[in-house]
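K.L.:
Sequence:
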Amino acid sequence: MSHDSRTAPRICPLCEATCGLTLTIEGTTVTGARGDRDDIFSRGFICPKGASFGGLDADPDRLRAPLVRDGDGELREASWDEAFDRIAARIPALTEAHGPQAVGVVLGNPNVHTMAGALYPPLLLAALRTRNVFTASTLDQMPKHVSSGLLFGDAHAIPVPDLDRTDHLLLIGANPLESNGSLCTAPDFPGRLKALRRRGGTLTVIDPRRTRTARLADRHVAIRPGADALLLAAMAHVLIEEKLADPGPLAEHLEGLDELTAALADFTPDAVAAACDVDAATVTALARELAAAPTAAVYGRIGSCTVEHGTLASWLVDVLNILTGNLDRPGGALFPLSATARAPRKRAPGTRTATPGKGFALGRWASRVSGHPEAKGELPTAALAEEIETPGEGRIRALIVLAANPVLSAPDGDRLDAALAGHLDFMVSVDPYLNETSRHADVVLPPPPPSQSAHFDFAFNSFAVRNQVRYTPAPVPLEDGRMDESEIHARLVLAVSGMHGTAPSAVDDLAITATLTRAGAPAALAAELTGGSGPERRLDLMLRLGPYGLTLEELLAHPHGIDLGPLRPRVPEILRTRSGRVELLPAPIAADLPRLRRALGDRPAPLVLVGRRHLRSNNSWMHNVGSLTGGSNVCTLQIHPDDAARLGLVDGTTVRIESAGGGIEAPAEITDTVRSGVVSLPHGWGHSRPGTRMSVAAATPGANVNQLLDGTLLDPLSGTAVLNAIPVTVTPSG
Numbered sequence: 007m008s009h010d011s012r013t014a015p016r017i018c019p020l021c022e023a024t025c026g027l028t029l030t031i032e033g034t035t036v037t038g039a040r041g042d043r044d045d046i047f048s049r050g051f052i053c054p055k056g057a058s059f060g061g062l063d064a065d066p067d068r069l070r071a072p073l074v075r076d077g078d079g080e081l082r083e084a085s086w087d088e089a090f091d092r093i094a095a096r097i098p099a100l101t102e103a104h105g106p107q108a109v110g111v112v113l114g115n116p117n118v119h120t121m122a123g124a125l126y127p128p129l130l131l132a133a134l135r136t137r138n139v140f141t142a143s144t145l146d147q148m149p150k151h152v153s154s155g156l157l158f159g160d161a162h163a164i165p166v167p168d169l170d171r172t173d174h175l176l177l178i179g180a181n182p183l184e185s186n187g188s189l190c191t192a193p194d195f196p197g198r199l200k201a202l203r204r205r206g207g208t209l210t211v212i213d214p215r216r217t218r219t220a221r222l223a224d225r226h227v228a229i230r231p232g233a234d235a236l237l238l239a240a241m242a243h244v245l246i247e248e249k250l251a252d253p254g255p256l257a258e259h260l261e262g263l264d265e266l267t268a269a270l271a272d273f274t275p276d277a278v279a280a281a282c283d284v285d286a287a288t289v290t291a292l293a294r295e296l297a298a299a300p301t302a303a304v305y306g307r308i309g310s311c312t313v314e315h316g317t318l319a320s321w322l323v324d325v326l327n328i329l330t331g332n333l334d335r336p337g338g339a340l341f342p343l344s345a346t347a348r349a350p351r352k353r354a355p356g357t358r359t360a361t362p363g364k365g366f367a368l369g370r371w372a373s374r375v376s377g378h379p380e381a382k383g384e385l386p387t388a389a390l391a392e393e394i395e396t397p398g399e400g401r402i403r404a405l406i407v408l409a410a411n412p413v414l415s416a417p418d419g420d421r422l423d424a425a426l427a428g429h430l431d432f433m434v435s436v437d438p439y440l441n442e443t444s445r446h447a448d449v450v451l452p453p454p455p456p457s458q459s460a461h462f463d464f465a466f467n468s469f470a471v472r473n474q475v476r477y478t479p480a481p482v483p484l485e486d487g488r489m490d491e492s493e494i495h496a497r498l499v500l501a502v503s504g505m506h507g508t509a510p511s512a513v514d515d516l517a518i519t520a521t522l523t524r525a526g527a528p529a530a531l532a533a534e535l536t537g538g539s540g541p542e543r544r545l546d547l548m549l550r551l552g553p554y555g556l557t558l559e560e561l562l563a564h565p566h567g568i569d570l571g572p573l574r575p576r577v578p579e580i581l582r583t584r585s586g587r588v589e590l591l592p593a594p595i596a597a598d599l600p601r602l603r604r605a606l607g608d609r610p611a612p613l614v615l616v617g618r619r620h621l622r623s624n625n626s627w628m629h630n631v632g633s634l635t636g637g638s639n640v641c642t643l644q645i646h647p648d649d650a651a652r653l654g655l656v657d658g659t660t661v662r663i664e665s666a667g668g669g670i671e672a673p674a675e676i677t678d679t680v681r682s683g684v685v686s687l688p689h690g691w692g693h694s695r696p697g698t699r700m701s702v703a704a705a706t707p708g709a710n711v712n713q714l715l716d717g718t719l720l721d722p723l724s725g726t727a728v729l730n731a732i733p734v735t736v737t738p739s740g
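Quick note, our numbering runs 6 ahead of the 1-based positions in the sequence shown.
Be careful, since some hints might not be right.
[As the list claims (entries may be wrong)] Label pairs and their calculated CB-CB ranges:
(1) A593 to R203: 37 to 45 Å
(2) G254 to W86: 53 to 61 Å
(3) T361 to S694: 50 to 58 Å
It is worth saying that the hints were derived from the structure and are not from the lab. Please read these numbers as outputs of a predicted model, since none were measured by experiment. All C-beta atoms, glycine included, are put in the ideal place defined by N, C-alpha and C.
Could you build the full structure based on these sequences and the hints that come with them?
P.N.:
Now the structure itself:
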């Protein structure tokens, strides 16, 4: 390290693990990143993504100034004032002429990795008053939000496995050794699983692929893709039928156990065996092992979410935890309590039951064209193209895209690509790159690189396997000509709401006043808040009003974080159902079970496709980081040797994959890590469209797996696109 080098802590913003980093900085350039050994949560762990922080931060393809589209259709650099002037002139005029539904908003996954992305989109949506909201959730985890909303009355009350204390962990559709965990914030997930094994615990993995996680397991069950809910239902049936179900202290907070018993009567191990391709004895053994463990947790993720019965599978994960007495107890699955959480609900006077809440409702409105019901205030991203291109009142004429690339991440990107190009009057993107989606924008607003931004994890602390809190200020000052991401968002709110030209701080002041009012806190508290920016003042307020009564000054005094202790039981305080209880068989779930029952008689297609995660990738923009290319991070079609021989395929040759949405080509990778009858392609590829500025990604574009989907197949309860267990045909190319 040279004499003018320094180090600074920074929470990694590149995946849900939120590991602490120690950055080496020379001048204003990040020259290295290693794990922060003093971080109270990650204890020095780092993965290849975190180690690439400097390369990502200094990526020469990142936009450094706003872009606006001239009359000739070309994008050119512009000043910040010109960019926001353009937005202020177009968006309010469109909403005045055509109503608030004329504007759609798309929120991408990176929003939950930044302070601005967490704090300002709700204010933008309130200013626009549009119901046309589309997010990455309906391409990922919305089934878990819906099942939690129905069970507990709160779509954000998602229990996480108590990894550090459990005796038995069952993973279904999850590969945390590659993904670092999801809806389960756990730095060094691999180390935690190895620690489970060292202390004599059991790891069971249910996955059609023999992933790195599966190779670590005591038992790997290679289920047929898409059959997750059937297998989980049969396990629940065994627990009930063999009188192994014992909810323990949670029993007094449950309702619907008898109804659940009747609803699952048909899902016996023998009945599901053929559809799951898992023999009845194995299904029974899985249930018995779960019940026999001193403590246990079932954890399901994207592989069990992005299928036809994703919400039912997500619901059954918690049903199993409830029936075995492992929900809300140490070593089981518990509800984290973040430092910025709202105050816990009070119990009804004289009882241990929660005060009845508002509950959770689905389908409060529907999409204009296909009538898809909303879930958690969102419409299916798969419906975005038709909402833009279909004429009529309420058509989306303007689109605001915040850190999203749906042309690659949503089904049928070709259709959406055409809709963005030919049917919009105006489009704004907040994005550091000119990518497959933002290339269509009339205004592109680029946030600064992560080294020039402060970091706090509002969302992921609510999914953390240990209660803790950490904040890292920006380790590098904002570069001349850059605009802080929070100011970009604040000015965007002002531009669309008719307040263009007002100081951006007014947005934060209004948010602080609203927060104080909702909390019933004295207005004078606003004067006590510290922090050098609006986001810091808002964070300080949320900490003060939170369950631990912390302040921003305390966080700044502890640059490596504050440990708030292990997870603890929190029922009934988390319950917000109308009954004040855990509602085991909500009406929407009961209404969808006949569809699952019909699946007992389904016979699978000869070949189905599943996705794949890579440790050196997370979103499509990571394919533009040179240090993360190569190795296993390649876009190949994995296929079992038996299937390859039957189809006449040779390793490394190009194959044609076709399904309902179209066809793509990719190199074949023959491997027995996928079971027969299954092929696998990774997500986030397809960087071959013209007009982008991502040179590394364009050099090895890969194939867009989502182009195989036509967007019509959704999980009906959550509106989530079915991305896994898709029937395909594979043939030699040419």
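K.L.:
Taking the hints in turn, state whether each one holds.
P.N.:
The hints, checked one at a time:
| no. | hint | verdict |
| --- | --- | --- |
| 1 | A593 to R203: 37 to 45 Å | holds, 41 Å |
| 2 | G254 to W86: 53 to 61 Å | holds, 58 Å |
| 3 | T361 to S694: 50 to 58 Å | holds, 55 Å |
Against the hints set out earlier in the document, no violation occurs for any number.
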